[in-house]
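Student: For the record, the sequence lines run as chains A and B. Each residue of the first sequence is one higher than the one before, counting from 12 in our numbering. Each residue of the second sequence is one higher than the one before, counting from 128 in our numbering.
Just so you know, the hints here were simulated from the structure itself, not pulled from any lab data. Keep in mind that this is a model prediction, so the values were computed, not measured. Treat the hints with care, as some may be off.
Each computed DMTMM-like pair below joins lysine to aspartate or glutamate, with the alpha-carbon atoms no more than 25 Å apart [said to hold, decoys possible]:
hint, chain 1, residue 1, chain 2, residue 2
1, A, K130, A, D103
2, A, K121, B, D253
3, A, K130, B, E299
4, A, K130, A, E150
5, B, K511, A, D41
6, A, K130, B, D492
7, A, K130, B, D167
8, A, K130, B, D481
9, B, K250, B, E209
10, A, K67, A, D41
11, B, K333, B, D253
Listed below are several chain B residues computed to face chain A (Cβ distance under 10 Å; list not exhaustive) [what the hints assert, rightly or not]:
hint, residue
12, N190
13, N242
14, F545
Every residue, glycine too, gets a C-beta built ideally from N, C-alpha and C.
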Amino acid sequence: MFDDLTDLYQQVILDHSRSPRNFHPLHPVDRQAEGTNPLCGDQITLHLQMDGDRIKDVGFQGSGCAISKASASIMTEVLKGRTPAEVRRLFDRVHEMVTTGRQDGEDLGKLAVFTGVHKFPARVKCAMLPWHAAVAALEGNTKPVTTE
Amino acid sequence: MNAPVKNPRAPVEAGTWSAVRPDFPTLDQQVNGHPLVYFDSAATSQKPLPVLQALDHYYRCDNANVHRGIHELSNRATHAFEGARRRAAEFLRAGRPEEIVFTRGTTESINLVANTWGAANLKPGDRILLTEMEHHSNLVPWQLIAQRTGATLSFIPVTGDDGLLDLSRFDELLDNHVRLFACTHVSNTLGTVNPVAGLFARARRKGIVTLLDAAQSAGHLPLDVQELGCDFLACSGHKMCGPTGIGLLYGRQELLEAMPPWQGGGEMISSVDYHESRWNTPPHKFEAGTPDIAGAVGLHAAMDYLDGLGRDRIFAHDQELAAYAFERLKSLSGVRLFGPNAGRSGVVSFLLDDVHAHDLVTVADQYGVALRGGHHCNQPLMRKLGVASTARASFYFYNTRTEVDRLIEVLSEIRRFFSA
Ligand SMILES: Cc1ncc(COP(=O)(O)O)c(C=O)c1O
Numbered sequence: 012m013f014d015d016l017t018d019l020y021q022q023v024i025l026d027h028s029r030s031p032r033n034f035h036p037l038h039p040v041d042r043q044a045e046g047t048n049p050l051c052g053d054q055i056t057l058h059l060q061m062d063g064d065r066i067k068d069v070g071f072q073g074s075g076c077a078i079s080k081a082s083a084s085i086m087t088e089v090l091k092g093r094t095p096a097e098v099r100r101l102f103d104r105v106h107e108m109v110t111t112g113r114q115d116g117e118d119l120g121k122l123a124v125f126t127g128v129h130k131f132p133a134r135v136k137c138a139m140l141p142w143h144a145a146v147a148a149l150e151g152n153t154k155p156v157t158t159e
Numbered sequence: 128m129n130a131p132v133k134n135p136r137a138p139v140e141a142g143t144w145s146a147v148r149p150d151f152p153t154l155d156q157q158v159n160g161h162p163l164v165y166f167d168s169a170a171t172s173q174k175p176l177p178v179l180q181a182l183d184h185y186y187r188c189d190n191a192n193v194h195r196g197i198h199e200l201s202n203r204a205t206h207a208f209e210g211a212r213r214r215a216a217e218f219l220r221a222g223r224p225e226e227i228v229f230t231r232g233t234t235e236s237i238n239l240v241a242n243t244w245g246a247a248n249l250k251p252g253d254r255i256l257l258t259e260m261e262h263h264s265n266l267v268p269w270q271l272i273a274q275r276t277g278a279t280l281s282f283i284p285v286t287g288d289d290g291l292l293d294l295s296r297f298d299e300l301l302d303n304h305v306r307l308f309a310c311t312h313v314s315n316t317l318g319t320v321n322p323v324a325g326l327f328a329r330a331r332r333k334g335i336v337t338l339l340d341a342a343q344s345a346g347h348l349p350l351d352v353q354e355l356g357c358d359f360l361a362c363s364g365h366k367m368c369g370p371t372g373i374g375l376l377y378g379r380q381e382l383l384e385a386m387p388p389w390q391g392g393g394e395m396i397s398s399v400d401y402h403e404s405r406w407n408t409p410p411h412k413f414e415a416g417t418p419d420i421a422g423a424v425g426l427h428a429a430m431d432y433l434d435g436l437g438r439d440r441i442f443a444h445d446q447e448l449a450a451y452a453f454e455r456l457k458s459l460s461g462v463r464l465f466g467p468n469a470g471r472s473g474v475v476s477f478l479l480d481d482v483h484a485h486d487l488v489t490v491a492d493q494y495g496v497a498l499r500g501g502h503h504c505n506q507p508l509m510r511k512l513g514v515a516s517t518a519r520a521s522f523y524f525y526n527t528r529t530e531v532d533r534l535i536e537v538l539s540e541i542r543r544f545f546s547a
């Protein structure tokens, strides 16, 4: 009966939410964005360092639920070395996965732990919050973005 | 057509509240394989059969537009609509039915006052006094009108996690610039019952206009606008067993008469020319367009239902359950509780160490327990308390101690789940 729950809160997710990776500011910062989820007050600040067109380093700060924190933590690991175009493509793939449970095409690797989110429509925004911030940072959008 | 049977229920004796359960079909269901425990009545209450029957009867038998036709159905609809207004005046102990304006709910009632009374009376340098525990709907409308008029806002502070108003500087805050004092009766996050009658008396002695946000109190305790000493009162039908989409604004007659209209349209005029119009008298001046007639009929049935049970008894039951929940929660380790220790209404906000409110509420739902998690439209208050969100259990007369026990059991499961 609680398979859905253990799908949502996989051990990897609980682990990342308890000890998030790259959970610190960067100095200097090349790109940054702030994301908020107006429904629950969760907030994340994302810092990027660039090396030409590629992301060199990522750091984040903020407060959020287990899903948004783990999503941010795993995202920071996945983003290193990516170009803005790759990040936008990943955004779409992750969005597809957390809303439908489908993962078409290339292996999403670690990000696949978020497949279980699709059974909890109210939590899709939590998983996507850091991704909204990442796209905003790369687009040079300095206004805080929201999940709405 | 016969009207539906008025609520036949005799007042419920202490300890026999489960007798009302069959009146609430929504409560009788399984959610995620468990019996539903509905602890989100502060967001919206469930609806008893007499309310559903009144809506059904109205649409089956009496449906027509009000105040416009001279045919039989229109007469009936008008009679039902105005009957609901008279009932609402009685429910709030207003002097006369003309002091009751039908709105969409608390939010619209407050926006109406801000945009009419506020626009006509506020000027640069004036102050609007609020409290730090206001719901966004008793804060943002005042921010908007302050921007338009040049008035400013000031706030009665909240003490901290115990959620009381800090009244030590109340007389200073009531300075000569304050024109309006708007305050919530019962906090939707902290469960605090504010001592509004005393505060309003002090404000009115200085000529300050007072507004009570009764969203969380109207369906829970007996209200008397004369005794409370408020010039305006706002509440929502859906939080007091009525339908969504209907609410009340009480306004003292002299104030309503002096206020400019808000929305323009049918119903609110007495005569219209191409270039100007004359306004109808209150309350019609503030009810442009076809109102929510069925909503008013449903609200009438809800008020009858609540008074059939007795609002004093309802409040006693809310308080008893909340006190019980508070004690049981306190006995769990690592729980942070918000709101006063004593005298609280049926609202309990809390946090479990290390478990975000969102996660807690998601897992509780898997056990059939409906809680609310978030900032509860109290973002500034959350910031002040240093939290992003809380979990909230809110109770009504149809809830039981057994359900509270279930909540405590589920919280222990949640703790285990996240510490595993
Ligand atoms: C204290 C308080 N004020 C105002 C409101 C707004 O009520 P509504 O959304 O029905 O307009 C609420 C409802 O959540 C409330 O709890």
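Student: Are the hints correct? Go through all of them and say.
Tutor: Right, here's what the structure says about each hint:
A threshold of 25 Å between alpha carbons decides the hint, and for K130(A) with D103(A) the separation of about 18 Å falls inside it, so the pair holds. Under the criterion of a C-alpha separation no larger than 25 Å, the hint pairing K121(A) with D253(B) is inconsistent with the structure, at around 57 Å. Taking the CA atoms of K130(A) and E299(B), the gap is near 53 Å; set against the 25 Å cutoff, the hint is violated. As the CA atoms of K130(A) and E150(A) are separated by approximately 31 Å, the hinted pair breaks the 25 Å bound.
The hinted pair formed by K511(B) and D41(A) fails the criterion: a straight-line CA distance of about 32 Å is larger than 25 Å. Taking the CA atoms of K130(A) and D492(B), the gap is near 13 Å; set against the 25 Å cutoff, the hint holds. Proximity of K130(A) to D167(B) is assessed by CA-CA distance (about 22 Å); at most 25 Å being required, the pair is judged to hold. Restraint check: the Cα-Cα separation between K130(A) and D481(B) comes to about 24 Å, which is no more than 25 Å; the hinted pair holds.
Straight-line distance between C-alpha atoms of K250(B) and E209(B) comes to about 36 Å, which puts the hinted pair past the 25 Å bound. Annotation: proposed proximity of K67(A) to D41(A) holds, straight-line Cα distance about 10 Å (limit 25 Å). A threshold of 25 Å between alpha carbons decides the hint, and for K333(B) with D253(B) the separation of about 14 Å falls inside it, so the pair holds. Evaluation of the N190(B) hint against chain A yields a violated restraint, the C-beta minimum of about 36 Å exceeding 10 Å.
A hinted interface residue such as N242(B) counts as satisfied when its beta carbon comes closer than 10 Å to some beta carbon of chain A; here the least separation is about 24 Å, so the hint is violated. Look at F545(B): its Cβ gets to within about 7 Å of chain A, closer than 10 Å, so that hint holds up.
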